[in-house]
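For the record, the sequence lines run as chains R and C.
The first sequence begins at 2 in this note's numbering and counts up by one.
The second sequence begins at 2 in this note's numbering and counts up by one.
Check the hints yourself; a few may be wrong.
Per label pair, the in silico range of CB-to-CB distance [stated by the list, open to error]:
(1) R:Pro82 <-> C:Asp304: 58 to 64 Å
(2) R:Gly142 <-> C:Arg258: 46 to 52 Å
(3) R:Ala230 <-> C:Pro86: 41 to 47 Å
(4) R:Gln180 <-> C:Gly121: 55 to 61 Å
Sample of chain R residues with no beta-carbon within 10 Å of chain C, all distances over it, derived [what the hints assert, rightly or not]:
(5) Glu43
(6) Thr75
(7) Phe78
(8) Met134
(9) Gly135
(10) Arg181
(11) Ala230
(12) Pro314
(13) Pro327
(14) Met332
Examples of chain R residues toward chain C, derived with CB under 7 Å [to be verified]:
(15) His31
(16) Asn52
(17) Gly67
(18) Ala131
(19) Asp149
(20) Gly185
(21) Asp284
These are computed hints drawn from the structure, not numbers from a lab.
Even glycine gets a Cβ: it sits at the ideal position worked out from N, Cα and C.
Number of protein chains: 2
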Amino acid sequence: MADSAYAPVDFSSWTCPAPLRDHDRIVMGHGGGGTLSAELVEHLFAPAFGNSVLAELGDAAHLRMGGARLAFSTDSFVVRPLFFPGGSIGDLAVNGTVNDLAMAGAVPAYLSCGFILEEGVELSVVGRVAEAMGEAARTAGVLVATGDTKVVDAGHGDGVFINTAGIGLIPDGVDIRPQRAAPGDVVLVSGPIGVHGVAIMSVREGLEFGVEIQSDTASLAGLVADMLAVCPDLHVLRDPTRGGLATSLNEIAAAARVGITLDERSLPVPETVANACAFLGLDPLYVANEGKLVAFVAAEHADAVLAAMRAHPLGKESVAIGHCVPDHPGMVVAATGLGGTRVVDMPLGEQLPRIC
Amino acid sequence: MADSAYAPVDFSSWTCPAPLRDHDRIVMGHGGGGTLSAELVEHLFAPAFGNSVLAELGDAAHLRMGGARLAFSTDSFVVRPLFFPGGSIGDLAVNGTVNDLAMAGAVPAYLSCGFILEEGVELSVVGRVAEAMGEAARTAGVLVATGDTKVVDAGHGDGVFINTAGIGLIPDGVDIRPQRAAPGDVVLVSGPIGVHGVAIMSVREGLEFGVEIQSDTASLAGLVADMLAVCPDLHVLRDPTRGGLATSLNEIAAAARVGITLDERSLPVPETVANACAFLGLDPLYVANEGKLVAFVAAEHADAVLAAMRAHPLGKESVAIGHCVPDHPGMVVAATGLGGTRVVDMPLGEQLPRIC
Numbered sequence: 002m003a004d005s006a007y008a009p010v011d012f013s014s015w016t017c018p019a020p021l022r023d024h025d026r027i028v029m030g031h032g033g034g035g036t037l038s039a040e041l042v043e044h045l046f047a048p049a050f051g052n053s054v055l056a057e058l059g060d061a062a063h064l065r066m067g068g069a070r071l072a073f074s075t076d077s078f079v080v081r082p083l084f085f086p087g088g089s090i091g092d093l094a095v096n097g098t099v100n101d102l103a104m105a106g107a108v109p110a111y112l113s114c115g116f117i118l119e120e121g122v123e124l125s126v127v128g129r130v131a132e133a134m135g136e137a138a139r140t141a142g143v144l145v146a147t148g149d150t151k152v153v154d155a156g157h158g159d160g161v162f163i164n165t166a167g168i169g170l171i172p173d174g175v176d177i178r179p180q181r182a183a184p185g186d187v188v189l190v191s192g193p194i195g196v197h198g199v200a201i202m203s204v205r206e207g208l209e210f211g212v213e214i215q216s217d218t219a220s221l222a223g224l225v226a227d228m229l230a231v232c233p234d235l236h237v238l239r240d241p242t243r244g245g246l247a248t249s250l251n252e253i254a255a256a257a258r259v260g261i262t263l264d265e266r267s268l269p270v271p272e273t274v275a276n277a278c279a280f281l282g283l284d285p286l287y288v289a290n291e292g293k294l295v296a297f298v299a300a301e302h303a304d305a306v307l308a309a310m311r312a313h314p315l316g317k318e319s320v321a322i323g324h325c326v327p328d329h330p331g332m333v334v335a336a337t338g339l340g341g342t343r344v345v346d347m348p349l350g351e352q353l354p355r356i357c
Numbered sequence: 002m003a004d005s006a007y008a009p010v011d012f013s014s015w016t017c018p019a020p021l022r023d024h025d026r027i028v029m030g031h032g033g034g035g036t037l038s039a040e041l042v043e044h045l046f047a048p049a050f051g052n053s054v055l056a057e058l059g060d061a062a063h064l065r066m067g068g069a070r071l072a073f074s075t076d077s078f079v080v081r082p083l084f085f086p087g088g089s090i091g092d093l094a095v096n097g098t099v100n101d102l103a104m105a106g107a108v109p110a111y112l113s114c115g116f117i118l119e120e121g122v123e124l125s126v127v128g129r130v131a132e133a134m135g136e137a138a139r140t141a142g143v144l145v146a147t148g149d150t151k152v153v154d155a156g157h158g159d160g161v162f163i164n165t166a167g168i169g170l171i172p173d174g175v176d177i178r179p180q181r182a183a184p185g186d187v188v189l190v191s192g193p194i195g196v197h198g199v200a201i202m203s204v205r206e207g208l209e210f211g212v213e214i215q216s217d218t219a220s221l222a223g224l225v226a227d228m229l230a231v232c233p234d235l236h237v238l239r240d241p242t243r244g245g246l247a248t249s250l251n252e253i254a255a256a257a258r259v260g261i262t263l264d265e266r267s268l269p270v271p272e273t274v275a276n277a278c279a280f281l282g283l284d285p286l287y288v289a290n291e292g293k294l295v296a297f298v299a300a301e302h303a304d305a306v307l308a309a310m311r312a313h314p315l316g317k318e319s320v321a322i323g324h325c326v327p328d329h330p331g332m333v334v335a336a337t338g339l340g341g342t343r344v345v346d347m348p349l350g351e352q353l354p355r356i357c
């Protein structure tokens, strides 16, 4: 490769294929899952890696190997604090990647696990994180098949960072992709939104809102299996993590070139989350979830899928929140309780850094 | 999972399944690939994850999915500096995982890529790293299929950390595992050892040894393909990265319960590496390589495999360095130039931290 010359490294010769909002340095928002993250992928990583698989921008890549249809996905986890009400970085590291595979309709099977540990972190902390991962993996029905541990000097990490990658098998006949959203589709969500983000922020800011809010981190693989059993032709699934429901819906609207209309009154926002969001100045539509999914289903299947979701422990509070329309392609519009409408935009960065 | 209680987290209830050399905190050596790393896997991760796939301790897991035989592997990269003579963290991130797959006899196909970036790092640096990854991926014949970017606050990371995981297809009839080393096998190495580690240390310490020593980072997938073409029944392949050739040989001796004898005079140590090691107080047998492999081959195939290796640009300087014996199972012994022998032990940690 060309880069074999040694210091001083001359970066002046490197030019970004398109301006990245005039940033010349990484800001927190580049990791937020919003517009800045998307720009980084579109203008920097995709051209550098130069391939079309990455450019599909799903949460998981769809691959075909030796006759098998596979989903392949990765996520790194840098959440602070490591332990929080309802879970830990270990739960997120397993469930996050398991859910990305499930959102491709795949049956999650194997995970890899890469730790980057900071010198000086207690072995008991690493042990507790690993046990949480093991427990979450058993619950989700996946095996941690391969791993790696690196250690960085004190002051050059932050306790425990984890990367997981996962592989799952996509059943024959299943074709779930953001591009398949179509006018007429009903949009379903599997339960209350904004819970994970508010749980993390409450801990981090030392806030209390009457009752403790617990993260919703969970494996959604079983829920998806039950949904596929009644409707193998699900169009789109997405777990609205970083950037929340608004970001996922905007990505889907853009990928499929459809409009999405939401009925704001039908959005399942628990009172505790609403109160916390009011206090923190957050919009629950943009707050991260770690155990919820949004599904796009043809209207004729919507009732059956909704019933299947409500019959599952993780989908008891599932509701329809809107539908796809041929108007305003690429745009998400919410009908407000007052009879008006508002555009639900893609966020620039993330309101809540290091939420996962 | 059990861990839903919130702060103060009580770690006193957590007990490590076996004492980890009396450490109660992570030290740099836990990331060094030696005995401390192995203890962390054996006593902490394997019991927590509770499965047998991980326990095989190969560089890649061997999986069967939908009729396909797959290799699956992961590595995180935290090397300092990010750019060094002969390559960059981007090259290592691609070649390291590609080589782990190739050492299972797999044809590397897809990589995932997870970045953990530190707030404030120049976009031009990220761009150069990504371009190096793209170039290395094209050379190795793999696609970066899925990715993720997280950002941590300034002072809680170190510029750029990268995790890659990879999937490759294992051809029918190929069965390459450390357990297959057998008495009588000839041990081959594909060229000069210790080059990568010395290249990094020279830069980091600002040392010069007459000529610039360049890292040997390279994809070994093509070399392995040529070796398999003449001998599908290779027993063991390993790329001696962290911990060097001594660590790889000890792992193989332990896994297969065979003895290994080396002819010290046959070890390909370049004069520049020997000089640097003498100056730095290092043993070249323990210094990391990033573009070399060691192969265990039945004696009757050794000449053909060695010839195939020498015919490949990355194997021109291949040599036989020893063989497997029924004596001293689990132990590596070197015949010195003076007619004596010495035990080549497993290192505790890594002489050179953050080498990859």
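So, going through the hints one by one against the coordinates:
The hint said 58 to 64 Å for the Cβ distance between Pro82 (chain R) and Asp304 (chain C), and at roughly 59 Å that hint holds. At about 34 Å, the CB distance of Gly142 (chain R) to Arg258 (chain C) disagrees with the hint of 46 to 52 Å. In this structure the supplied range 41 to 47 Å is violated for Ala230 (chain R) paired with Pro86 (chain C), their Cβ-Cβ distance being about 57 Å. For the pair Gln180 (chain R) and Gly121 (chain C), the supplied restraint of 55 to 61 Å is violated, since their beta-carbon distance comes to about 36 Å.
Annotated as non-interface, Glu43 (chain R) keeps its C-beta farther than 10 Å from every C-beta of chain C; the closest such distance is 12 Å. The claim that Thr75 (chain R) is not at the interface with chain C is violated, since a C-beta of that chain comes within 10 Å of its own (minimum 4 Å). With a closest Cβ-Cβ approach of about 8 Å to chain C, Phe78 (chain R) is found to fall inside the 10 Å limit, against its non-interface label. For Met134 (chain R), the non-interface assignment is contradicted: its Cβ lies about 7 Å from the closest Cβ of chain C, within the 10 Å cut-off.
Distance check on Gly135 (chain R): its Cβ comes as close as 4 Å (rounded) to a Cβ of chain C, failing to clear the 10 Å threshold; non-interface status is violated. With a closest Cβ-Cβ approach of about 19 Å to chain C, Arg181 (chain R) is found to remain outside the 10 Å limit, as its non-interface label requires. Taking the minimum C-beta to C-beta distance to chain C, about 20 Å, the non-interface status of Ala230 (chain R) holds against the 10 Å cut. The beta carbon of Pro314 (chain R) sits about 15 Å from the closest Cβ of chain C, which is more than 10 Å, so the claim that it is off the interface holds.
Separation of Pro327 (chain R) from chain C is adequate, the least Cβ-Cβ distance of about 31 Å exceeding the 10 Å criterion. No beta-carbon of chain C comes within 10 Å of the beta-carbon of Met332 (chain R); the shortest separation is about 26 Å. With a least beta-carbon distance of about 5 Å to chain C, the hint placing His31 (chain R) at the interface is held under the 7 Å criterion. Taken as an interface hint, Asn52 (chain R) checks out: its beta carbon lies about 5 Å from the nearest beta carbon of chain C, inside 7 Å.
Restraint check, Gly67 (chain R) versus chain C: the minimum CB separation of about 3 Å is within 7 Å; hint holds. The criterion of a C-beta within 7 Å of any C-beta in chain C is met by Ala131 (chain R), whose closest approach is roughly 4 Å, and the hint holds. Checking Asp149 (chain R) against chain C: minimum C-beta separation of about 5 Å stays under 7 Å; hint holds. Hint on Gly185 (chain R) is violated. Least Cβ distance to chain C is approximately 30 Å, over the 7 Å limit.
The criterion of a C-beta within 7 Å of any C-beta in chain C is not met by Asp284 (chain R), whose closest approach is roughly 21 Å, and the hint is violated.
When each numbered hint is compared with the structure, violations occur for hints 2, 3, 4, 6, 7, 8, 9, 20, 21.
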